[in-house]
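Undergrad: Sequence:
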Amino acid sequence: MRSFLLLLCALWLMPASASNNNLLGNLLQPAEQTFLPVDQAFVFDFDQQGKTLFIGWDIAPDYYLYKKKVEIIAKGADIEVPDLGKGVIIEDEFFGKTEVFFDSLSVVSKLSNVTEGAVVKVRFQGCAEAGLCYPPEVRTIPLSVIAGEQVSQTADAGNALAALTQAADTNEASSAPSQEASKPAGEQSYTDKLASQGLLTNLVIFFLVGIGLAFTPCVFPMFPILSSLIAGQQNLSTKKAFSLSFVYVQGMAVTYAALGLVVASLGGQVQGYLQHPTVLISFSILFVLLAMSMFGWYEIKLPSGMMNKLTQVSNQQKGGNYVGVFMMGVLSGLIASPCTTAPLSAALLYVAQSGDYLVGGLTLYVLSLGMGLPLLLLGTSGGKLLPKAGGWMEQVKTLFGFIMLVVPLILLERIVDIEIIWLMAGLLALATALYLHHWQSGQSQGKLKTALWFAATLLVVTGASLTKNYFWPSKAVVAEAAVQTHGFRQVANLSELKEEIAQASSEGRLVMVDLYADWCVACKEFEHYTFPDAKVQEQFAHFELIQIDLTESDAKTIELMEEYTVFGLPSILFFDSQGNELLEQRVTGFLNAKDFAEHLAKVRNTAK
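Take the sequence shown: its position 210, counted from the start at 1, is 210 in the numbering used here, and no numbers get skipped.
FYI, nobody ran anything at the bench for these hints, they're computed from the structure.
Bear in mind that the values here come from a model prediction, so they are computed numbers and not experimental data.
Heads up, a few of these hints could be off.
[What the hints assert, rightly or not] Listed next, the in silico PhoX-like pairs over lysine-lysine satisfying Cα-Cα at most 20 Å (straight line): (1) 121 - 75; (2) 121 - 110; (3) 68 - 51; (4) 397 - 449; (5) 75 - 86; (6) 51 - 86.
[Said to hold, decoys possible] Distance ranges between label pairs, derived from CB positions: (7) 296 - 441: 14 to 22 Å; (8) 580 - 559: 32 to 40 Å; (9) 262 - 580: 26 to 34 Å; (10) 559 - 86: 44 to 52 Å; (11) 199 - 434: 33 to 41 Å; (12) 556 - 262: 55 to 63 Å; (13) 556 - 281: 31 to 39 Å; (14) 592 - 99: 21 to 29 Å; (15) 49 - 535: 57 to 65 Å.
Yeah, the Cβ is synthetic: ideal placement off N, Cα and C, and Gly gets one too.
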């Protein structure tokens with residue numbers, strides 16, 4: 001969704017001119033398939049020899065590990081993790097091309113600066129080819145302090161499991177895999193690469209990433225702000241223009257450096273704070289208000305008392321109002337900071353995992369310098385490259401207002417139904433198209449008029465398509481929505497699940513419990529291909545349907561999986577009218593619509 005919104009954003013800026021259709025091969029019949037426990041499917045082992053740490057997995061036949069979900073992080077030590085090497089590319093309809101490892105995987109890492117109590121945390125996730133996916137796993141390896149002689153620290157699979165920390169590590173692991181699963185090429189992929197490189201290399205990368213972020217919707221408001229600051233100066237020399245622009249960028253950089261220090265102090269908790277609905281809604285409202293100001297509905301200004309004070313301080317300086325420009329840079333940094341695109345989120349995760357204040361401050365400072373480079377170049381031009389004030393600039397300002405309204409959609413997609421987001425995106429596209437049409441109607445024939453007309457046409461087509469899908473969805477979408485929302489009752493934890501089962505038992509009804517996760521490929525196949533089938537829907541009428549989302553590997557997930565001895569997903573549990581589980585009828589792995597409908601009929605006959 002986010003990628004599409006960013007693409008839609010590009011249409012507003014300038015006119016421009018696949019899904020994978022390969023399904024996983026024929027799967028084994030899951031009802032007859034016996035799956036291994038995770039510690040037998042992926043036998044974990046490690047061995048520390050002085051400064052060298054060997055980590056390995058012995059992978060059972062017909063099982064595989066995801067390369068992008070293998071993460072090795074040291075706490076209380078420095079670790080140099082090499083590239084994991086080439087794996088095997090598999091392709092599925094939902095997650096696209098993914099690199100995995102079969103048979104075995106070995107990683108040899110170099111340790112340094114090992115302190116007392118240092119550990120290495122290893123995160124990984126794998127699946128069975130027959131269609132079962134295991135939840136993300138975490139192993140904690142205690143390190144020995146490196147003295148003058150080499151110290152050996154070994155463990156077999158049993159010891160490694162004993163070294164697994166419980167609630168804290170599980171909670172810490174939950175956010176990263178779940179976010180990564182919904183975005184296969186997202187934050188964790190960047191974080192893995194960053195963690196394996198030196199600080200200097202990462203600072204260069206962050207600077208380049210900052211340049212890229214300078215052209216995202218969140219930074220667009222800074223261009224007209226800087227334009228007004230520069231254009232308002234009299235007798236402006238190139239040196240003065242550079243100085244003002246540099247001070248403006250430094251104000252923005254200070255804001256980001258402060259953010260880096262906060263993230264370093266909070267550690268992994270920062271991701272939870274940034275994703276909290278209150279934060280997302282607050283920043284969405286902020287961007288809507290900023291967009292309205294760009295439409296000219298009102299003007300945002302500092303309080304007159306503060307403005308007068310800044311003016312007095314600025315007038316005392318030689319060469320201009322540097323304090324005022326610096327403060328505007330700080331405010332601009334606050335405006336842009338809520339945008340957590342994949343590279344910026346990766347930077348925040350990298351800083352959080354380092355826990356180092358120097359790394360935190362430097363990382364975000366350098367990132368903001370990259371974001372400020374285009375602003376610095378435009379400002380130094382003394383207005384030559386910046387749009388001139390006037391009617392044309394007002395039209396560009398209004399267009400930026402429409403662009404800024406994309407940001408709330410990106411933020412709210414995490415907490416609002418995707419259908420509503422599509423509808424709002426479609427209406428926004430149509431509104432922008434109307435404005436572009438109005439703009440081009442006042443232009444004489446030329447390239448600008450043609451470009452505006454072309455962009456407006458594209459936005460009309462896009463907006464009409466999005467709004468049409470909301471009001472007149474396809475039959476497939478209706479069927480799938482019925483399964484997702486009307487067929488299944490959602491529960492959040494084990495206690496709620498037991499209450500629902502008890503309620504159904506009191507009514508003499510059979511119960512089907514679908515254990516689901518976003519990272520589970522076969523779960524999505526059930527959702528898209530099996531559940532909407534007419535024969536399956538006919539059988540569903542005889543069951544109380546319950547679904548629980550186990551995407552996050554938190555304490556609630558572990559409690560439920562231990563209660564019912566669930567190794568991996570998908571797992572579908574059945575309970576008779578007395579509330580007893582029919583263990584022999586449990587489904588693990590994917591079943592097509594025909595086989596699943598027959599299995600449901602078998603469950604009904606067994607429960608009689």
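Undergrad: Now, for every hint given, state plainly whether the structure supports it.
TA: Cross-check of the supplied hints:
Pair hint residue 121 plus residue 75 holds up; C-alpha atoms about 8 Å apart against a cutoff of 20 Å. A threshold of 20 Å between alpha carbons decides the hint, and for residue 121 with residue 110 the separation of about 15 Å falls inside it, so the pair holds. The hinted pair formed by residue 68 and residue 51 fails the criterion: a straight-line CA distance of about 25 Å is larger than 20 Å. A threshold of 20 Å between alpha carbons decides the hint, and for residue 397 with residue 449 the separation of about 18 Å falls inside it, so the pair holds.
With a C-alpha separation of about 27 Å, the suggested pair residue 75 and residue 86 falls outside the 20 Å cut-off, and the hint is violated. Our distance criterion of 20 Å between C-alpha atoms is broken by residue 51 and residue 86, whose separation comes to about 25 Å. Between residue 296 and residue 441 the CB atoms are about 19 Å apart, so this pair conforms to the stated range of 14 to 22 Å. Checked against the hint of 32 to 40 Å, the pair residue 580 and residue 559 fails, with Cβ atoms roughly 20 Å apart.
For the pair residue 262 and residue 580, the supplied restraint of 26 to 34 Å is violated, since their beta-carbon distance comes to about 52 Å. Between residue 559 and residue 86, the C-beta spacing of about 38 Å breaks the proposed range 44 to 52 Å. Hint check: residue 199 to residue 434, Cβ distance near 50 Å, so the stated range 33 to 41 Å is violated. For residue 556 and residue 262, the Cβ-Cβ distance of about 29 Å falls outside the hinted range of 55 to 63 Å, so the restraint is violated.
For the hinted restraint 31 to 39 Å between residue 556 and residue 281, the CB-CB distance of approximately 25 Å leaves it violated. Take residue 592 and residue 99: their Cβ atoms lie about 27 Å apart, and the range 21 to 29 Å holds. Checking the proposed 57 to 65 Å range against residue 49 and residue 535 shows it holds: the Cβ atoms sit about 59 Å from each other.
Comparing the model with each earlier hint shows violations of hints 3, 5, 6, 8, 9, 10, 11, 12 and 13; every other hint is respected.
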